[in-house]
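Visitor: Residues per chain, in single letters:
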Amino acid sequence: MTVLLTIQQLSVKLQDKVVLSALDLTLNEGDILGLVGASGCGKTTLLNAIAGFNKPSEGQIAIDGQLLSDGSQCVPAEKRQVGMIFQDYALFPHLTVKENIAFGIAKLSKIEQVAQIDHLLTILKLTDLSDSYIHQLSGGQQQRVAIARALAPKPKLLLLDEPFSNIDARLRNELMVEIRGLLKQFKTTAIFVTHNKDEVFTFADKMAVMAQGKLLQFDAPSVICQYPNSYQVADFLQLGSWLPCQMNATNAENLLGKLELETEHVEQASLTHLLVKPSQLLLNDKINDNNVANAKVAYISVTEQGYHYYLSSIEVSDADKKLAFNKLSLYSDIALSLNQKVNLSIKPHKFLFFS
Amino acid sequence: MIALNNSKTWKLSSYLIALVLIVPVLVMLVGGVSASTQLFSHLWQTVLPSYLENTLLLAFWVVLLALIFGVFSAAIITQTNIIFKKQLRWLLLLPLAMPAYLVAYLYTDLFDYAGPVQRSLRAWFDWKSPSDYWFFDIRTLPGAALMLALVLFPYIYMLTRGAFEQQDQNLIRASRLLGLTAKQSFFKVALPLARPAIAVAASLVLMETLADFATVQYFSVNTLTTAIYDTWLGYGDLGAANALASVLMLLVLFVVLAEQKSRAGLRHQSARPNLNRELIKLSLSQQIFASIFCWALVIFGFLLPLTLLIVMAVEYSDVAQLSVLMSTGINSLKISVIAATVAVLIALSLGLYQRLHSDKYRQLPLQISGFGYAVPGTVLAMAMLSTLGPLDHWLNDAVEFFGFTPPGLILSGSLFAIIFALVVRFSAIANGTIISGIKQIPQSLDYAPASLGVNLKGSLTKVHLPILTPAILVAWLLVFVESMKELPAVLLLRPFNFETLSSQIYQLISDEMLEQGALGAILIVLFGLLPIVLLNKSKEKI
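Taken in order, these protein sequences are the chains called H and Y.
Residue 237 in UniProt numbering sits at position 237 of the first sequence, with consecutive numbering throughout.
Residue 505 in UniProt numbering sits at position 505 of the second sequence, with consecutive numbering throughout.
Here chain Y stands alone, though its shape is the one from the complex (with noise of 0.2 angstroms):
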């Protein structure tokens, strides 16, 4: 059939929006590629390798550790009959709500040489100094992978987990005629199975640690992130910021592919999911060691620091924090409504657009405009910088030309930038949601009101926008969760004097004073348990 609508407007303003999405990027990455070869080799000969290498390792150690977790958790909750079952299913994905950097100084907070751990420790055992005793140093990098394993291995157990129950239970069956023990079949035939979702999942850990800024800033490793960063904020120097940020993005975009790659075999999907699995039957030996596996993992990924938290908030919240709360949080609140409305509507024009305009390249424009998932938030803020900077000052030197005032840095140095950078960064969300909503909107809802004389604005208001109702607000409320959640693109874009809660809490945990943001934190944490909740329900409909 025929698509219905050949609109030029829409076709013309489609292909604007997505240009628009990804230029900042481009510019950044132009500048980057061609900043001076004599910038990169003075920063090849000093801080680069170092801060190659840490970022490499970080990874390494990251991915190995959320492995460990993701999958055995996936595995003992899919496979055995490990008791609470049907609570650590869903208790296990809680971390994914807990920001890294919180964990981070809540644990440095906990273990630390003045912490109440060693504390206790030394008043029991009567050690006087550091000399005394060997205690682990968590504010290293091996720290520092451990606090971003502990909050994303959800994501491993969330694919895996997902992949052990969709997977054709006959194939399993078919092993144990052939001989194999439940064990034997889920090493030979299960875990080999769920390998390309694993590798999904691994990919988007490795996306969110290239990503992450704060945790590594507060544990003082440096990677590509913080140099980017500290050479913008520190130096002022836009041209290296911009190789960095480049050689990031590089980073990231080898990810993607390699992600995109492993993703084409995914198809080890069954008709069959719901046949009665068999169980591994753990000893008690096994059931405890299984049980304090899971457990440890949602008690130190969240219970734990929820409870510090709450602590911290009971003890030291007072009316004058209350009130840098509301400010702060309206701040967010403003940035991630104007975020979330904004990706929404572009997600729904250029959805629609894929779906029903006659453009043979329909599929582009919401194709560009999802891309900016994949870009860290400081690659992001670099690339506005980049963009949003020289237009600025054109558009100053314009005015001022034509005899007006120049207004200024209305566009790098106002809440654009902020709203510009979430909505590049979280219009993949927003695509992803309302285009899945899009696909279960039979191809026949689009004719059937041509066919009763309904022209394409009245089936678009009267059919598609209530048909899609419940895509949208979930679309919205996850950008907007999103944005409350984001940090580095906030940090680097925000105006003078601007806060908002994550940038907040970041600048109090900085200055060793989260007791003060305890409220704002649990706030962040709470809000980050809207999409679990939301992804967990749809993954038990399936």
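Only chain H is shown next, with the shape it has when bound in the complex (with noise of 0.2 angstroms):
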């Protein structure tokens, strides 16, 4: 695989706030990265800088091993065969679906233009409504539009960000899987931006996850879930619930009970979170000598895994305060109550454990 985009150590500053800091990415040519993180990380500065829109204060960004920019020289937008699909899709209002597809291309010739914009119509299904005004489609087409828009150029990569904010949800499924095909068909590279990590795992070949200006983990999307590389990582992809653990050299002890480790923990008496899936979590509801009362129900709902339970800790000693619990996850088709005692363990498996 040939890699097309290298980003090297790169910070940017808006109004004196450091926004992204030191980062470094690389993308292979063809692939779709995903790129998430919580509002405010700095996901959409990334992709303003590569497209051009941000000066980096530092670091390097290059496509198909052309310098873009290194913190002194900048070249400007237009000149980095880099394309954008904005949120708002920034369809021009006032020209043709036709006029807004050409608009890229005005440098070819007039036959080459209406090659281009006839393939990309067809292909995009937007033959009917070439002469239409952007007013006149609905929010699906006018998503056709700037993905045609943007691919017309060639762009060597494309950049999306929140391409699916706007998109009724029960529609959002359908184009995900639409216009991934599209883009594979193209062998365009992509960067997709989302606060919503759900879309990455039908879009993306590839993900990012992003916090505070950093990129904390970049892997295939499979990979991160089963491996997140920290607490920050693991939290924000829900990929489990937290039980606090206070960590000895041979175990983690926790109010569920003592978790004999495989290896021997050399920062000692630390306490830890252990990442929690509901399907590690063993439920007892008859309480009895053997099976002591460990954890209450603290809020129920129903799905279509069966009940949905947030389990919390039952009164503790003050020592053990830092140990309690309050929303570990379960689903069971045991039917439980409010503030209902139960018996949990921990079922054995290779456990993660983050500071």
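In short, the hints are calculated from the structure, not lab data.
Treat the hints with caution; some may be incorrect.
Once the Cα atoms are required to be at most 30 angstroms apart in a straight line, the calculated DSSO-like pairs of lysine-lysine come out as [unchecked claim]:
#1 Y:K86 / H:K79
#2 H:K322 / H:K347
#3 H:K17 / Y:K360
#4 Y:K11 / H:K79
#5 H:K107 / Y:K462
#6 Y:K11 / H:K13
#7 H:K197 / H:K125
#8 H:K321 / H:K296
#9 Y:K11 / H:K17
#10 Y:K128 / Y:K261
#11 Y:K457 / H:K110
#12 H:K258 / H:K341
With the Cβ distance kept under 8 angstroms, some of the chain Y side facing chain H (calculated, not the full set) [what the hints assert, rightly or not]:
#13 V463
#14 P466
#15 I467
Calculated Cβ distances over 12 angstroms to all of chain Y for the following chain H residues [stated by the list, open to error]:
#16 G30
#17 A51
#18 A77
#19 G104
#20 E112
#21 T202
#22 V223
#23 T272
#24 Q305
#25 N339
#26 N343
#27 S355
We treat Cβ as the ideally placed atom computed from N, Cα and C, and that holds for glycine.
From the two separate chains plus the hints, produce the assembled complex.
Guide: In structure tokens, the structure reads:
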């Protein structure tokens, strides 16, 4: 695979505030990268820096081996061959669908322009709408025009800024599949920004999780889900709930019992959090001498996987207060009532602790 | 995101334009403030106190009357079930098209001792002389105030109506559920909520009143504007005229500051303005009273004066009048077209600069260029004379020094001065319209062309300007109409023997011969209707 985009030690300051700091990223040709993170983490700023709308204060951005910015010089946006699909599509209201698509290819000959426009109109099923104005189109149709317009100049890299946020939830999945198919058909390398992690799994090949201007983890979505590298990544992706543990040399002590560690823990007596997925919890609602109650039901809802419970710890001594938990997520077919006391235990598995 | 452009030439030219627009007023203020204390004390001991008193009294009466006319009519239209509401809604805006000096002349003609009303009364009651009866004298300060209020109240009507209509109906509903009647809820909730809008409108009326020249001049009410005019044209005393203009300018600045302060509180807008409002049902007598009130404003503020003008035009128009009308009309057109074009070009350049340039203070040139709207035409004319006069002299000296024939007063004695003054005065209108057009362009459209490989020039010509075309047209039209109507600046700055429609009509009014210019006056009124139609249309859209 050829590397298309290389970002090294990129920092961006906006109004003297550091929005991106020392960020590294590489993207292979033809890959679709989903950039996720909470609002304000710097996703859109990164996109704007790549597009040339933000000037980096430090670091380098290169596409296809060509250096676009290195802190001192900056290739203007219109010379980068980077296309962009804006959140509100930014379609020109005074131009027709056809004219919008033609906007970026005025330098081609008329014949080439017509061929390119017709090709895109056909592929994006816009032929019947080619003479319509933007306000006459539905949201989905407008998005297709935005894609056609962005693809027309054959950009080396396509940036999509929350492209599905304005689309009706019922249509969203369908559109994501359709657009991913299109990008693959055109062999377009793309980066798309979203605050909805679920979109990444359908749409992207690679995933990058950002927080506070830093890139936390970059890998295939399945790998990140299985092996999140930090508390922030696991927490943002909601990969499970958190059980506070007191780490000892050979075990992790918590309010549900002691967990034997496979390898000896070096940093003794520290407090960490165990990532617990619902499937890793074992529920016993029969309380007796062997099964002492150690949790109670704090919230109940019903889902297609059965009842969904949040369980919290029951009253604990002052010494154990730091180990108290309040939102262990669990699915079960057993009907429990609010505040009902239960016994919980953790199935043996490869434990993931984060501080 | 960063702005798309950091051109130094654009930056320099933007600041230069703003500077050129503000310099004349600064020069005048410096001249006025640095005028000898002797001059000020002389003015203070002679005419200034009475001029000031008249100006403030006039302002007080106009604002009071306009508030009564404007707030009540707005309340009646929005809160009651008055009949012909739909028609009255826009008819009440029309008096704004009528220049106050026209109304003043027409009503003097109508109600004076020799006018048809008093003549008929004398014939009916067999009165022989003025001592036989009392009749109000229209050519007084209260008379002038009434004339001005009759044509300025629509400012208050329009903004107050808007405020009432934009109010959150849930607030009114809540007050009703808490036991208030419709009438009580109007006085205790709706009216207090509309107060900021009313204050803004009142300050507009106040500014227009302070700027008025022709009405008070015609009624021989000596205010600061007439004093400036007389001091300059009568006595040729530029220093004293500047000093008076500076005093007036300070008054206006005070009003502008007060207006800005009240505008800061103008945030009672609503997300639910369109809920069905419950109207106050008027009894028959209330219905009659309300109808008389609203229709009287429409009739006396617009329909009657227009009818009188039409009657005059039909009776007195002839070919000679038409040819005069043609030549003055062409003069008016010439200066208005140039002023509108220049103002729009400046507004576009500075508006786009504010939007697209990376300059940290990019809004500054636009803000500076818009200050002129607060400056009365008379003051502006003095500013032009104080700046362009010396410039002309320097220019002539310089040309003579190099052995050429001096060109004469090419700046202060030509159309340049008038057009310059019109551009300074009405740039704010063009700015406002263009900026609201620019604001409607989503920010992403600034960036989309670059993402498609198109540079700033292409983006401006292919995206921004085509999208802004309607705003450009409206801005052009508004400045054009205002320039057609402008009187004091034109009167003071026009070259010898150069007449515009408004100056010609003013001359005819001064000579009590408006009949000769009735057609031109109708034309000015019709031009004045254009922005009202546009304004009403945009208000309806909200």
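Visitor: If you test the structure against every hint from before, which numbers come out violated?
Guide: Of the numbered hints, 1, 10, 17, 18 and 19 do not hold.
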